Amino acid sequence: MRSAGREKLVGWLIRAATYFIVFVIASIIFNIIYNGTTAISWQFLSTMPRNSGAEGGILPAIVGTLLLVAGTIIVALPLGMATAIYLSEYAKSGRLMRTIRLAIVTLAGVPSIVFGLFGLGLFVIFLRFGASIVSGCLTLACMILPTIIVASEESLRAVPKSLREGSLALGATKWQTIRKNVLPYSVSGMLTGSILGIGRAAGETAPILLTVAAFYLPKLPRSIFDQVMALPYHLYVLATQHPDVVKVRPMQYGTALVLIVLVLGVNLAAILSRIHIRRKYKW
Amino acid sequence: MVKTEQQNNTEVKIQVKDLNFFYGDVQALFEITMDIPSRQVTALIGPSGCGKSTFLRTLNRMNDVIDGARTEGKVLIDGKNIYDHGIDIFQLRKRVGMVFQKSNPFPKSIFENVVYGPRIHGVKNRKELSEIVEKTLIRAALWDEVKDRLDKSAMDLSGGQQQRLCIARSLAVEPEILLMDEPASALDPVSTLKIEQLLQVLKQDYTLIIVTHNMQQAARVSDYTGFMHLGQLIEFGKTNQIFTNPREKLTENYISGRFG
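Residue numbers (the working numbering), protein chains in the order written: chain A, 1 to 283; chain B, 1 to 260.
Hints in this document: simulated from the structure, not taken from any laboratory.
Owing to the predicted nature of the structure, the values given are computational and were not obtained by experimental measurement.
From the three backbone atoms N, C-alpha and C, an ideal C-beta is built for every residue, glycine too.
Treat the hints with care, as some may be off.
Said to hold, decoys possible - Reference listing, derived: stretches of chain A covered by chain B, where coverage requires no fewer than 3 residues with Cβ under 8 Å from a Cβ of chain B:
#1 151-163
#2 166-177
#3 180-186
Given these sequences and hints, build the entire structure.
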């Protein structure tokens with residue numbers, strides 16, 4: 001009887017914890033949607049901000065974030081995938097391998113503001129890229145590399161060893177085997193895993209704060225060495241730095257809604273493509 | 001009556017000389033020496049862990065893939081040592097095909113499975129590839145069952161069909177030798193019978209070496225049998241002799257079921 005009572009209590013606690021999480025997420029999203037939709041209009045999405053962001057739209061911030069995301073993908077995806085292929089297919093287990101793994105895990109744990117400082121020191125100042133899209137993308141790429149590497153390596157390792165052996169036994173070289181009989185089955189997993197990292201890059205403020213993001217810049221960039229506005233930083237500015245924080249509250253919620261739709265949209269795309277690919281290849 | 005002795009003159013395809021193999025510090029094969037005859041079925045039997053599969057994989061250097069693997073001694077195919085420096089390991093594996101214990105069709109169409117090897121080795125012409133597919137699937141006794149669905153996934157075939165597809169895939173690069181690591185151990189009796197019948201046809205053109213757990217199978221399909229125990233080749237000879245009149249006590253104990 002006592003153990004049955006305890007069973008009930010534990011079950012109840014576990015359920016409460018789960019419901020609590022769902023409640024938190026739901027209320028965040030509800031809050032943003034409820035307060036944000038009033039601000040959203042075609043004009044909000046497609047025009048420049050005016051009057052320090054108190055009026056007008058957020059077009060340069062949207063464009064800036066999209067550019068940063070695109071640039072980050074271009075830099076981080078090939079680098080991360082190449083690293084994952086090396087770790088999964090080529091590297092022999094040993095001290096070097098352990099060191100590399102430790103480095104990756106450590107990199108994943110570095111706070112994002114530290115990445116920002118690192119980007120400021122290396123890309124902005126030392127390499128003289130200035131505060132620019134290039135510097136921002138490179139910094140964000142460093143930040144999400146661990147996510148991409150881990151996700152990619154996992155999906156490479158998910159390909160059974162027997163497929164590699166089957167290919168090698170036919171006289172294929174290692175690279176032929178990887179290219180024709182490993183990558184085709186894992187590239188989708190690599191991509192979907194990476195997209196999750198990219199979603200994070202879209203939402204981060206600290207790394208871009210010191211390397212690219214403009215406080216207020218109501219025009220579109222002309223080159224990759226220009227500064228841009230970005231959604232997360234714009235939101236931060238509106239919420240804390242603006243002379244009239246209360247008045248611009250709808251703008252804050254509108255910006256937050258656009259950002260969250262963007263990030264969730266990216267994640268949704270990742271999930272859908274994973275489902276699609278799972279159906280295509282099975283072993 | 002003179003003939004029986006003369007069969008010993010069968011041409012030798014593979015000469016193994018003093019072969020030792022190590023996984024790191026652990027020695028897995030000890031001083032193996034044997035002459036494997038051309039265009040015959042040679043079976044390797046022995047208890048689990050005796051090194052049959054390891055030995056098989058030294059013949060196409062598949063063990064090279066393993067970290068810390070080391071091979072000593074010689075394996076001569078047509079008189080040429082495959083462990084010499086400068087040997088083209090990819091050409092070697094083209095000549096020495098391998099079929100695995102667990103059938104491993106690639107998650108592609110039946111057609112793409114068969115042409116995988118030829119494509120790797122530079123065949124691009126679509127017509128040529130189609131001919132290879134038809135020829136090898138006929139040879140692997142699978143053509144009639146799959147000819148209408150070559151573009152369907154190989155993963156939808158039955159276990160026995162998958163294994164015959166893997167045999168066809170190996171044949172598609174025109175090997176001279178085919179190594180088979182317990183090719184029927186995961187199959188039902190009917191599929192096993194088909195594979196065994198196939199071996200009898202294939203041995204007319206290929207040198208076959210088959211690792212098997214199943215002594216009845218070795219007795220049924222092979223011309224020569226090697227019995228391995230703890231990494232050593234205990235006895236090697238004509239299958240008939242091994243099973244009826246083994247020279248070694250250990251062989252006799254094993255084939256009579258006293259251990260294993």
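Results of checking the hints against the structure:
Counting residues of the region 151-163 of chain A whose beta carbon lies closer than 8 Å to any beta carbon of chain B gives 3, which reaches the threshold of three, so the coverage claim holds. Chain B is given as covering the region 166-177 of chain A, and this holds because 9 residues of the stretch bring a CB closer than 8 Å to a CB of that chain, at least three being needed. Coverage of the region 180-186 of chain A by chain B holds [criterion: at least 3 residues with CB-CB distance below 8 Å; count 3].
The structure fails none of the hints (numbered hints given earlier).
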